[in-house]
Amino acid sequence: MAADCELLAVRRNIKYNLESRMSSALTWGTYIVVFGALAVLAARDRAKARQAVRVAVKSFLGVFPSMLAIVGLIGLLLGIVSPQLISSYLGQGRGWWATIAATLVGAVMFIPSLVAFPLAASLLRSGASIATIAAFLTTLVMVGTVTLPLEIRHLGRKMAVGRNVLSLLSAFLIAIIMGMVLR
Amino acid sequence: MKPNMARRTPMADAPQGTSKTPRQWLADYRWVLLIATADLLAWLLVPAQTPLVLHNTWDYFVEMVVVLIPVAVLMGLFDVWVPKQLIGKYLGRESGWKGLALSLLFGTAPTGPLYAAFPIAGMLLQRGASPLNVVVFLNTWAAIKIPQLLVETSFLGPSFMLARLTLTVPSAILMGWLIQKGIDRTGGLDVVPVEPEHAT
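Residue numbers (our numbering), protein chains in the order written: chain U, 1 to 183; chain E, 184 to 383.
The hints are simulated quantities; they were obtained by calculation from the structure and are not laboratory data.
It is possible that some hints are incorrect.
Stated by the list, open to error - Among the chain E residues that face chain U by a calculated CB cut under 8 Å, a handful are:
#  : residue
1  : Gln207
2  : Ala221
3  : Leu223
4  : Pro230
5  : Leu257
6  : Ser278
7  : Ala326
8  : Pro330
9  : Ala346
10 : Leu348
11 : Ile356
12 : Met358
13 : Ile366
14 : Leu372
Every residue gets a Cβ at the ideal spot worked out from N, C-alpha and C, and that includes glycine.
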């Protein structure tokens, strides 16, 4: 329970400091650059700008239903399987089985880095190995089981499935190497 | 029940000019309806977790909208401004090291979840970027972002961050190369054109 509180406090702290400030700066930067480019285009060529807006609206509406479904699924998954639950589950295991379990949990779950890194740090403190943490984080960021249908739709089955399967394998390799290199 | 309401409002604000039948709406939103049903089930089975589910769904919904707006505008700009040959020239199969470096740069520059990168990657792929470069772009977007690296350093230490970074970059390139070989060997790409109904 104390660990939970600590995790939450850390999460809140980081949320209002580092990543959030940088992310929001980057987000605003992206908005300024993208809409600035659109404004430049509009000043030069009104018809082309109108066409660009039309394509933008269409692509937004085109991806909206599947994005909404993914957002709902992530919200449900994270609401029922809380990070604390994962932490208590992964923190118990030792050895290679723990690493394999972490790889799979990381592949299936969708946890934003804001929560994932404090979670990984608390796992490390509670006795998980470096390899387990590395496997968990690498699959978490690179493999997306929840978003796989969307990836297939945009990139084709070969590329999407290939990327996820190879990412899973390479995460495991990265974990082994990191477990050997870092002590 | 707020997020469920938020889910329904987009249907009410149907875009003007598009004539979708209710059946098409149902087909488009069938997964959303399925998940809304699952949410209801969760509410019945584990009522204690429901506020968290709704809170999470709302948070991710806001994040999605914030991230997807510039992505959509970017797609529009690409469509009218960037000629097809240009993408082929800088990110195509003949682009070599420069294309690879450009993909790495494109991947680290933005912020946002990986799913926001799929439409962009798909568009690049359809316009002649090589599978190698697209995979490198996606994997760097996923694993190497500057704010993320800073958070990683602060929680797990610089050596952990650097070790993971130096292992991730070559693995992304190797992965892209393998996927490109695999795609070539099995008869090319199998991308379904996005939103075929809009191709008017």
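Structure-based check of each hint:
1. Gln207: Hint violated; Gln207 of chain E Cβ to chain U Cβ min 10 Å, cut 8 Å.
2. Ala221: holds (6 Å)
3. Leu223: violated (11 Å)
4. Pro230: Since the shortest Cβ distance to chain U is 12 Å, the answer is violated.
5. Leu257: holds (6 Å)
6. Ser278: violated (18 Å)
7. Ala326: holds (5 Å)
8. Pro330: At about 4 Å, which falls below the 8 Å cut-off, the nearest Cβ of chain U leaves the hint on Pro330 of chain E intact, so it holds.
9. Ala346: Constraint on Ala346 of chain E satisfied, holds at 5 Å.
10. Leu348: This interface hint is violated because 10 Å lies over the 8 Å limit.
11. Ile356: With Cβ-Cβ at 11 Å, over 8 Å, it is violated.
12. Met358: holds (5 Å)
13. Ile366: With a closest approach of 5 Å, the Ile366 of chain E hint holds.
14. Leu372: holds (5 Å)
Hint compliance for this structure: hints 1, 3, 4, 6, 10 and 11 are broken, all remaining hints hold.
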